Amino acid sequence: MSKRDFLSTADLTRSQLDDLLDLAARAKGKPSAQGLAGKTLGMLFFQPSLRTRVSFETAMVQLGGHCINLASHDLYELEPEEQAVMDGRAEEHVVDAARTMSRYVDALGVRAVSRVGTWERDRRELLLRSYAQHSSVPVINLETCFEHPCQAIADAMTMREHLPALSGKKLTLLWCNHPEPKSLGPTHSILRVAAMLGMQVTLAHPLGFEVDSEVLEGARSAAGASGGAVEVVNDLGAAANGAEVLYARSWGCTKHWDDPEREAMVKRSLQDWRVDEDLMSQTDNALLMHPLPVRRNVAATDAVLDGPRSVIYDQAENRVHVQKAILKQLLT
Amino acid sequence: MSKRDFLSTADLTRSQLDDLLDLAARAKGKPSAQGLAGKTLGMLFFQPSLRTRVSFETAMVQLGGHCINLASHDLYELEPEEQAVMDGRAEEHVVDAARTMSRYVDALGVRAVSRVGTWERDRRELLLRSYAQHSSVPVINLETCFEHPCQAIADAMTMREHLPALSGKKLTLLWCNHPEPKSLGPTHSILRVAAMLGMQVTLAHPLGFEVDSEVLEGARSAAGASGGAVEVVNDLGAAANGAEVLYARSWGCTKHWDDPEREAMVKRSLQDWRVDEDLMSQTDNALLMHPLPVRRNVAATDAVLDGPRSVIYDQAENRVHVQKAILKQLLT
Amino acid sequence: MSKRDFLSTADLTRSQLDDLLDLAARAKGKPSAQGLAGKTLGMLFFQPSLRTRVSFETAMVQLGGHCINLASHDLYELEPEEQAVMDGRAEEHVVDAARTMSRYVDALGVRAVSRVGTWERDRRELLLRSYAQHSSVPVINLETCFEHPCQAIADAMTMREHLPALSGKKLTLLWCNHPEPKSLGPTHSILRVAAMLGMQVTLAHPLGFEVDSEVLEGARSAAGASGGAVEVVNDLGAAANGAEVLYARSWGCTKHWDDPEREAMVKRSLQDWRVDEDLMSQTDNALLMHPLPVRRNVAATDAVLDGPRSVIYDQAENRVHVQKAILKQLLT
Numbered sequence: 031m032s033k034r035d036f037l038s039t040a041d042l043t044r045s046q047l048d049d050l051l052d053l054a055a056r057a058k059g060k061p062s063a064q065g066l067a068g069k070t071l072g073m074l075f076f077q078p079s080l081r082t083r084v085s086f087e088t089a090m091v092q093l094g095g096h097c098i099n100l101a102s103h104d105l106y107e108l109e110p111e112e113q114a115v116m117d118g119r120a121e122e123h124v125v126d127a128a129r130t131m132s133r134y135v136d137a138l139g140v141r142a143v144s145r146v147g148t149w150e151r152d153r154r155e156l157l158l159r160s161y162a163q164h165s166s167v168p169v170i171n172l173e174t175c176f177e178h179p180c181q182a183i184a185d186a187m188t189m190r191e192h193l194p195a196l197s198g199k200k201l202t203l204l205w206c207n208h209p210e211p212k213s214l215g216p217t218h219s220i221l222r223v224a225a226m227l228g229m230q231v232t233l234a235h236p237l238g239f240e241v242d243s244e245v246l247e248g249a250r251s252a253a254g255a256s257g258g259a260v261e262v263v264n265d266l267g268a269a270a271n272g273a274e275v276l277y278a279r280s281w282g283c284t285k286h287w288d289d290p291e292r293e294a295m296v297k298r299s300l301q302d303w304r305v306d307e308d309l310m311s312q313t314d315n316a317l318l319m320h321p322l323p324v325r326r327n328v329a330a331t332d333a334v335l336d337g338p339r340s341v342i343y344d345q346a347e348n349r350v351h352v353q354k355a356i357l358k359q360l361l362t
Numbered sequence: 031m032s033k034r035d036f037l038s039t040a041d042l043t044r045s046q047l048d049d050l051l052d053l054a055a056r057a058k059g060k061p062s063a064q065g066l067a068g069k070t071l072g073m074l075f076f077q078p079s080l081r082t083r084v085s086f087e088t089a090m091v092q093l094g095g096h097c098i099n100l101a102s103h104d105l106y107e108l109e110p111e112e113q114a115v116m117d118g119r120a121e122e123h124v125v126d127a128a129r130t131m132s133r134y135v136d137a138l139g140v141r142a143v144s145r146v147g148t149w150e151r152d153r154r155e156l157l158l159r160s161y162a163q164h165s166s167v168p169v170i171n172l173e174t175c176f177e178h179p180c181q182a183i184a185d186a187m188t189m190r191e192h193l194p195a196l197s198g199k200k201l202t203l204l205w206c207n208h209p210e211p212k213s214l215g216p217t218h219s220i221l222r223v224a225a226m227l228g229m230q231v232t233l234a235h236p237l238g239f240e241v242d243s244e245v246l247e248g249a250r251s252a253a254g255a256s257g258g259a260v261e262v263v264n265d266l267g268a269a270a271n272g273a274e275v276l277y278a279r280s281w282g283c284t285k286h287w288d289d290p291e292r293e294a295m296v297k298r299s300l301q302d303w304r305v306d307e308d309l310m311s312q313t314d315n316a317l318l319m320h321p322l323p324v325r326r327n328v329a330a331t332d333a334v335l336d337g338p339r340s341v342i343y344d345q346a347e348n349r350v351h352v353q354k355a356i357l358k359q360l361l362t
Numbered sequence: 031m032s033k034r035d036f037l038s039t040a041d042l043t044r045s046q047l048d049d050l051l052d053l054a055a056r057a058k059g060k061p062s063a064q065g066l067a068g069k070t071l072g073m074l075f076f077q078p079s080l081r082t083r084v085s086f087e088t089a090m091v092q093l094g095g096h097c098i099n100l101a102s103h104d105l106y107e108l109e110p111e112e113q114a115v116m117d118g119r120a121e122e123h124v125v126d127a128a129r130t131m132s133r134y135v136d137a138l139g140v141r142a143v144s145r146v147g148t149w150e151r152d153r154r155e156l157l158l159r160s161y162a163q164h165s166s167v168p169v170i171n172l173e174t175c176f177e178h179p180c181q182a183i184a185d186a187m188t189m190r191e192h193l194p195a196l197s198g199k200k201l202t203l204l205w206c207n208h209p210e211p212k213s214l215g216p217t218h219s220i221l222r223v224a225a226m227l228g229m230q231v232t233l234a235h236p237l238g239f240e241v242d243s244e245v246l247e248g249a250r251s252a253a254g255a256s257g258g259a260v261e262v263v264n265d266l267g268a269a270a271n272g273a274e275v276l277y278a279r280s281w282g283c284t285k286h287w288d289d290p291e292r293e294a295m296v297k298r299s300l301q302d303w304r305v306d307e308d309l310m311s312q313t314d315n316a317l318l319m320h321p322l323p324v325r326r327n328v329a330a331t332d333a334v335l336d337g338p339r340s341v342i343y344d345q346a347e348n349r350v351h352v353q354k355a356i357l358k359q360l361l362t
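Chains as they are written, first to last, in this note's numbering: chain L, 31 to 362; chain D, 31 to 362; chain F, 31 to 362.
No lab work stands behind these hints: they were computed from the structure. A quick note: this is a predicted structure, and the numbers were derived from the prediction, not measured. Beta carbons: idealized from backbone N, C-alpha and C, even for Gly. One or more of the hints may lead you astray.
As the list claims (entries may be wrong) - Sample of chain F residues lacking proximity to chain D, with all beta carbon distances greater than 10 Å (derived):
hint	residue
1	S62
2	D117
3	T130
4	V146
5	P236
6	D242
7	V328
8	K358
Claimed, not checked - Calculated pairs, BS3-like style, for lysine-lysine (alpha carbon to alpha carbon, straight line, at most 27 Å):
hint	chain 1	residue 1	chain 2	residue 2
9	L	K358	F	K33
10	F	K69	L	K69
11	L	K69	F	K285
12	F	K69	D	K58
13	F	K58	L	K33
14	F	K69	L	K33
15	D	K358	D	K58
Could you put the whole structure together from the sequences, leaning on the hints where they help?
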């Protein structure tokens, strides 16, 4: 019996996605059975986390299980490269950390978002994939710079709660300005999931902020199969027009991935790429979504984030319900 | 039904205080019922903590509940100012952190002691109050520079265990020297609680180390209602005379709040403000109290801290029992 | 009734060691009874930890108990010297931290490995011993620079699983090269435990890397009583010859303990002190052991660490089973 991981939206079939969403919806609002009593989830955070950390710990605890949390400041440096001669700073190889943790816990979550090298290197999710390869227990992607599948499925759950049916609905994924270079994880994951669900997706960003071409092709192919569509626009006005869901988030420039100062320079002229009431008024009374954390009054204004169409906290809450569904599937 | 928080001794009526103390006393020494099974307390520590962290986690676990702990090193920087344009370092606004956490946990504790600006700014407890305002779950003050209510109620419980009745008893709150500038939280909270309990309070400190005038007025008003009294002395010898409880702690100079070097200079001539056996011998066989951590042989000598009248570890232990009472009131 | 601690292999009798190993073996593979329900283990980590942290937390949770974890970054600095005048950086004395924690938790684990001073100072395990002296609850050694008893007992358990009987078996404890100066804890502990179990121990290291003479004498004395033997060799070739267990680990130079640069210089000529297939072929088909973390391709090659005779992950797993036995003995 092969081990199941939860690493990428690219690994999900449509029926697996539907099953997860149904399982999460059924669990929401009901007292949790103690279905994971005696089970332990180890979580490794190589970057800060609020939602992912707390929503997973809440999910495990409500199911009767336990989380063991390690952050980079609890650990020494780890070596991800195979066959490395470890005479540098890394005190332990990921191989050994993964195999050791597999003797202690029932599943392992890994957050590894950092920019380490070029986009060509970082898009390979070296650290996450190395844990998945060497762990004998299921590994869960807690966000990389390439994917954030738990977020995207919680986002899909949120859209299903607020819209009667998703197929054919117009979703705009909108790039927003941000003082820091950000990962492409949430964007890639919701792009693929929305395409799988048959939505009419408009990916809107300034020139130079193209998403990964393989992900875009994958989303187009998924949309082809589901009756959806994916188009790309580079114009802010066109982006909002007719949108029934406006999903805002910043992401980094893959061309200048290892040169954040250059990205920052480019972004100086892009300050109008933010969501405000004017932009919202051009939509078809769109739901406003954002995966958080959000730079208020930079990426989106207080007025729209706190406005009547904002569902940003529902997205956050649904992390718990979706992750309970994922954990049950992996661990029972 | 409005949300209940636990933020300040100023919000407590005398009968609420008595109820808490009675509930804590009844719980002490008995096996805990699992009254908080399935409940989660989130704790945010923006400064180090030993007693508060461990006593709250112990309380929750003994009641069948769970703690999720986040420290500043687990998180990015948070923005507390309303309407801020977040183009600086803060990655998330307290508004969003508070509302998100409210979807995950049943109550939220916040420790935010740091000196950030002037006393006029810091006395407003901006971070704590922002969490309380924006959380839909109860918020508990785990210590600010202005108040430490959990500590003061545990102190009151300790005094009640060691003295037959508190009304009319002579309590001296004594400023002690310390190499670092300290918060006024424990001092303010015990000052108000002791006044509410009808004690004869002597607040003793060198000139320049006045406590917040609003707190002092509040304590005097509470003493008026309870039959107690509050006097201020600036003389170390007068401070100890006749005291039945000597409560020692250092606190910072509010006038030079944003200039710690000036405070340090002033304190160089105040090294005799410490508790030793001589000072204790001038009291009426006083109990020695200190909320810990204590600078041994600076604030108080080993001989008195480890002496027969010291109840410093009872104060620490009673944190657990008092906090169980607070948690039960907030969560059941 | 005196408090029991678990601090050193030197405190164990042979029959106590056998009891622990039997208890751990019986527990392995069986669902854990909830024998520590309601019990809490506090763990203080003054250095990073993966195996110790996660294996203890796993053990407690599987027994129905709870761990409260504090790392140095959660705390202020602590003062270990008795009678210190605390006008420096340390905010609290170990005396007070130990007595406070004793009011909150049922047992206390301490990891304190750092080089602080000379070997003569650090071999006294000042921080651990201070916690043990001042805690009223049992204290467990989670590794010092002098001992790592939990590791050594897990190692003994692993050898017992793979070899029909340990008495008379040839065990080589082999020094390996490493870019950093390392503690002597695991080496000292397995040396004493193996001697107690009647093994024929060869301690193999370059000149200058002698272990503590008191530990060596203690091991020789234990070997005398058990029918075992301890010899020291300074030749890599002689070390492997005939070994049935090859236990590799680096350790620091006690003579240059407070001069890591000098140790680094000495080690530049010792790069052949590593385990590879050639060295393994000179053994009597030895089991390969290492307590982890291991510097791959510096201390030992990938080929031998991942080879058929490597039991390094069994050693890691057995930490859980041995620690359950220790916790049950201390807490029930």
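Hint check:
The Cβ of S62/F sits about 18 Å from the closest Cβ of chain D, beyond the 10 Å cut-off, so the non-interface label holds. Not every Cβ of chain D is farther than 10 Å from the Cβ of D117/F; the closest lies at roughly 5 Å, contradicting the non-interface assignment. At the 10 Å boundary, the C-beta of T130/F falls inside the reach of chain D, the nearest C-beta of that chain being 5 Å off. Distance check for V146/F against chain D: the nearest CB is about 20 Å away, which clears 10 Å, and the non-interface claim stands.
Every C-beta of chain D lies more than 10 Å from that of P236/F, the closest at about 39 Å, which supports listing it as non-interface. The beta carbon of D242/F is kept farther than 10 Å from every beta carbon of chain D, the shortest such distance being approximately 32 Å. Every C-beta of chain D lies more than 10 Å from that of V328/F, the closest at about 30 Å, which supports listing it as non-interface. Listed as outside the interface, K358/F is consistent with that label: its C-beta sits roughly 19 Å from the nearest C-beta of chain D, beyond the 10 Å cut-off.
Between K358/L and K33/F, the direct Cα distance comes to roughly 43 Å. Violation of the 27 Å bound is thereby established for this hinted pair. About 19 Å separates the Cα atoms of K69/F and K69/L, which keeps this hinted pair within 27 Å; it holds. Annotation: proposed proximity of K69/L to K285/F is violated, straight-line Cα distance about 47 Å (limit 27 Å). A C-alpha spacing of about 16 Å is found between K69/F and K58/D, which places the hinted pair at or below 27 Å, so the restraint holds.
Our distance criterion of 27 Å between C-alpha atoms is met by K58/F and K33/L, whose separation comes to about 23 Å. Under the criterion of a C-alpha separation no larger than 27 Å, the hint pairing K69/F with K33/L is inconsistent with the structure, at around 34 Å. Proposed proximity of K358/D and K58/D is supported: the alpha carbons are some 14 Å apart, at most 27 Å.
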